[in-house]
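*Asks:* This is what each chain is made of:
Protein chains: 4
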Amino acid sequence: MSKQKRIRDYGVKIGKLETGHYNSITDVDGVTVGHVTISDKDMHTGVTAILPHQGNLFKEKLIASSHVINGFGKTMGTIQINELGTIETPILLTNTLSIGTAADALIEYMLEQNLEIGRTTGTVNPIICECNDMFLNDVRARIITKEHVFEALKNTSSFVTEGTVGAGTGMLCYSLKGGIGTASRLMKMDHGIYTMGVLVLSNFGILSDLKVNGKAVGAELRDAILQEREEQDKGSIIIIVGTDLPVSERQLNRIIKRAITGLSRTGSIITTGSGEVVIGFSTATKIPHDKTSHCLTVPMIHEEDIDLAFRAIGEATEEAVLNSLITATHVVGRDGNERPAFKDLLEKFNLKLS
Amino acid sequence: MSKQKRIRDYGVKIGKLETGHYNSITDVDGVTVGHVTISDKDMHTGVTAILPHQGNLFKEKLIASSHVINGFGKTMGTIQINELGTIETPILLTNTLSIGTAADALIEYMLEQNLEIGRTTGTVNPIICECNDMFLNDVRARIITKEHVFEALKNTSSFVTEGTVGAGTGMLCYSLKGGIGTASRLMKMDHGIYTMGVLVLSNFGILSDLKVNGKAVGAELRDAILQEREEQDKGSIIIIVGTDLPVSERQLNRIIKRAITGLSRTGSIITTGSGEVVIGFSTATKIPHDKTSHCLTVPMIHEEDIDLAFRAIGEATEEAVLNSLITATHVVGRDGNERPAFKDLLEKFNLKLS
Amino acid sequence: MSKQKRIRDYGVKIGKLETGHYNSITDVDGVTVGHVTISDKDMHTGVTAILPHQGNLFKEKLIASSHVINGFGKTMGTIQINELGTIETPILLTNTLSIGTAADALIEYMLEQNLEIGRTTGTVNPIICECNDMFLNDVRARIITKEHVFEALKNTSSFVTEGTVGAGTGMLCYSLKGGIGTASRLMKMDHGIYTMGVLVLSNFGILSDLKVNGKAVGAELRDAILQEREEQDKGSIIIIVGTDLPVSERQLNRIIKRAITGLSRTGSIITTGSGEVVIGFSTATKIPHDKTSHCLTVPMIHEEDIDLAFRAIGEATEEAVLNSLITATHVVGRDGNERPAFKDLLEKFNLKLS
Amino acid sequence: MSKQKRIRDYGVKIGKLETGHYNSITDVDGVTVGHVTISDKDMHTGVTAILPHQGNLFKEKLIASSHVINGFGKTMGTIQINELGTIETPILLTNTLSIGTAADALIEYMLEQNLEIGRTTGTVNPIICECNDMFLNDVRARIITKEHVFEALKNTSSFVTEGTVGAGTGMLCYSLKGGIGTASRLMKMDHGIYTMGVLVLSNFGILSDLKVNGKAVGAELRDAILQEREEQDKGSIIIIVGTDLPVSERQLNRIIKRAITGLSRTGSIITTGSGEVVIGFSTATKIPHDKTSHCLTVPMIHEEDIDLAFRAIGEATEEAVLNSLITATHVVGRDGNERPAFKDLLEKFNLKLS
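Chains as they are written, first to last, in my numbering: chain A, 11 to 364; chain B, 11 to 364; chain C, 11 to 364; chain D, 11 to 364.
For chains that are exact copies, the list does not tell them apart, and a pair is met inside one copy or across any two.
Taking lysine to aspartate or glutamate pairs in the EDC-like style, the calculated list, with each CA pair at most 20 Å apart, reads:
1) 358 to 19
2) 156 to 118
3) 198 to 241
4) 301 to 200
5) 301 to 241
6) 26 to 241
7) 164 to 118
8) 15 to 357
9) 26 to 230
10) 26 to 233
11) 164 to 122
12) 296 to 314
13) 301 to 317
14) 296 to 254
15) 23 to 233
16) 353 to 230
17) 198 to 317
18) 69 to 314
19) 26 to 317
20) 301 to 314
Keep in mind that the hints were calculated from the coordinates and are not lab data.
The task is simple: from the sequences and hints, build the whole structure.
*Replies:* Below, the structure written as structure tokens:
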């Protein structure tokens, strides 16, 4: 997809399943992603928007589910996802202290598209996810405006830039520069071929814990750079899962809970310090907002088919995290704080990943 | 249905919706209930079995959900219900210390009907619910045997006896004799007329809290009998919900969570002492045990239809609790412990319920 | 407390326990409440702020818990409450489409008080609760500004105005005017006398369901006013619980789950349409933000003491809802939509509540 | 501890933390483990008992928590653990179809020790965990008796045999022979040195997924043995966690949720087919069964201390799984079904683990 060099370009092949065409969440038909990146002096932050489908999401909702791996975070909108099993807005990622602004902007965006909200129908449930980029970004300045959000929403495409971009601009991962990463897997079942897509906003981990496909690369690197003291991990990651697999919200929840298997294999111990949340949706069924006079019929896989989805999400999550690391670039940010790029260190110390 | 005098026969009409034909959980097509009653000297206990449908439940599972109102209880089988959203065995009610025996019996019953369990397919998830009848019953004697369970399972019919019967034989309610009660409501929607059925095993509450359709009958009674000291409530109730409404497991969970509205209106404060659990199932869809080569399609109501189900379950639960009270008979049990019948006290003190 | 005529002034006495001095959430030492009310033409909305204690909440957190009765709502901050068991900001109530602004304002308020947030320590978790006041208020206009929030936070006192005020300005209840209500109960235990305080933002229900202390006042009223067609309920309520009882977060969760017993007794069937959320905190223990070199010791009641808290919260919630109804005033709002005051109708039709 | 050759004896060192003295759950003071092993013809099953402390557990309960990784299982007792945050019986592990018998036996064991149960106090909550050993064991025969359970309970010691023993006798892991494994880690904090102990009953996985400390040993082995077709994984594991760390039940829950990080690093994708449940307890505080006239005070670590526990449980779980594999012996079981021993294959194909 991207001209960025991704983890597979280093010879690292995660798991057993084939990837989708772009190896991206946008391999799921209808899903697009947009970024706004702010990178200037003490400001290194941004917004990333994910559109689950290209129609009117409020009128045609998607089956959705959320899962909290670690709740030391401020993600908004999960209460309603859990109760109703649907998503009715795009998903926004940004920095922790900008969630109010992002929510306000997303509400405004939805009101403009749906004149009946607050008049003939009820309200709308904005989905805002966040990580804390305070190390590289002056997060207290809260520089994100509603216009940034509108721009990210307008910018979306099926081509996803990774690394130091959008909400990932100021994020860290395994003591290196982190940010946005994505990957996908194909699931071949009797009744069709489906796609599992994952996009992560990575912002967790200490260097010595990093493993690449089982190899203790982080420990090697740490020895190489003779780092004296490891920082404390503040452990946050947002994982967005899109699929066209026909699933009930219960099945989708089972699937997204397994994202942690891939995350764990990159070395995470899920530290206390911040929020780790998974939001998933399936594009297989559109649930109408307006009351129907008949029952809905929702297609769902037989439970015996689900293991393939469990494998797919683990692999895609592991690869998306590694993509977020390997594509990120060196950043000098707030007060001179800096984080090296993984790819630069690999080159400098002549380390191989495979 | 029964020749027993029920709460409606006292002029008490709960709520706004019509009842089903029998005003019983068995108004849901295919549902049957059976009791085994042990009532002798210090032994006042039993088993109640609910069959959700009359076919092979293991091969044709039903969508199901459980909800814990108060978890100070030992109900078995809810972990799998929550994970898979289905029920695959009958539901048993009995006393707390007999759950092991009941589970063992239900496993044996299922193995006999399904020779492939433990050979070509996996295992089976027995559903056992319980309340503690230690006041009237020598619960430590654990008199329930596997044969009692088999008998209850064999005995089921669409005609439900209430009060001092089956698992309800030794139970208390609002300091009076409690036990088994049932009720149902019709739900008229654009796409059909559906039934919500509830069966309770009541074993909670202190007299002065009892309300009958809003009337503080318990406080009146307490004054009448000049009871000096109220017992401590140990607060347990099992609520079984059957319906033919087409719902997803998420929707069913929303519905069964509302059983507490009816329970609360009888006066319960949900004390700490024991388990209050709701198990619900829908007969609208049968989920095949064996893997299918195609996707399943599950009919479900539009969410805007669900309020009628919320009203139905509240009303049916409130009425089922009152039916369990009003049909129960005076029992002298273990060590001479006794509990009066509500109906006897009403007559003795010439109290009206409406 | 207030010169407003409350439900007890109509001879209605809910439950068995004594009230606190003000019969208000502010009977819990240190708790204060502030309102900003906007009432002009099409705008009938506002903000209500609850301060759990008067010190620096971020530095000295309180044990807290949340419980979702119905998740069709947009309340923010519960993920972290559930994970960490603490609250670290005031609680804000406002209208649904203003949660973004309210969150942004509360973040700013916290940043000003705590210069280390986003520098030497992590971020902060704002608690924003909402109901939808679209019937009387032009909710799409999103008239709430950050200044309104700051003013509500500055205005707090131990004297709580109820009814058509603050976040309750545009809310409905049982087809009448609803809004803010509060109540409290004393809990006498071996080791001390404690207070349970409840404040509600009521916005749910249809008239014919309303019960006052068991009496079907709503049905009576409905007959009296010959209303032809009942509106659909959109069912939302926010319940804030404060107590000085020493409890663990698990115990607090058990307690706040029981708020629904009181809510149910006013007639609610918990309809699908909006969010019903309980947030509770205990002032008994302050949890330091900064790492300690020793273990913390948290006092908690023995589980056998907890029934009194279960009774207290049910009673206080029931009475708070009734207070929100009886104190509310007639409002003509957006596009001429209006809601009568309960007290006016009682007078007009000469109905008695007791 | 054991004379069995464990994973460290093969040069495999998992993680960064030091182990306890025995590298076993019994490094936590007071914890003992006992097995009964049945191994004859078609019968390969057993019982494992864990005693959390050596006193009267019913009278002096321990803070406890449970976490369901995958709920396709029949573990009993978790509802009450979640509600009350305590454990009051030993923990039993056995095969899936024997849970009824095991529950009945554990109830009898508790009744004998506590004459007041069912008389002057309420009931007791037995904790029974299970995996399905149907491949090697004739699980339908349900050969486990109450006497086996009593024997396991009587047999406990601080010396733990691993592999093909107790409840692990008939279990599989990564298509090899699995069973019982244990490990521990020390946690050095400002206020003391604490121990995290883990014991697993492993019964999941397919060979090609197995990783040993990141190395894809399973894929290598699979190539070596030219296995044509991989079995379907039925994915079950029970993880028992004991610690002397002073924690609240909420903190303990956060900790035991992280067991999955270690499990994932051995290669598991958490397949649908069976139950994966974690039960944890802390020996730091004893909670009295009988009501106290004063408040309890529970010591708990500051949340900032908890990352060390997160690291410890991940490492101990990973190592316990590997210990269960490497200590297991070749078994020919029901109908000639067999599973090779990992250690035998390593020798046969001359594979190195480090």
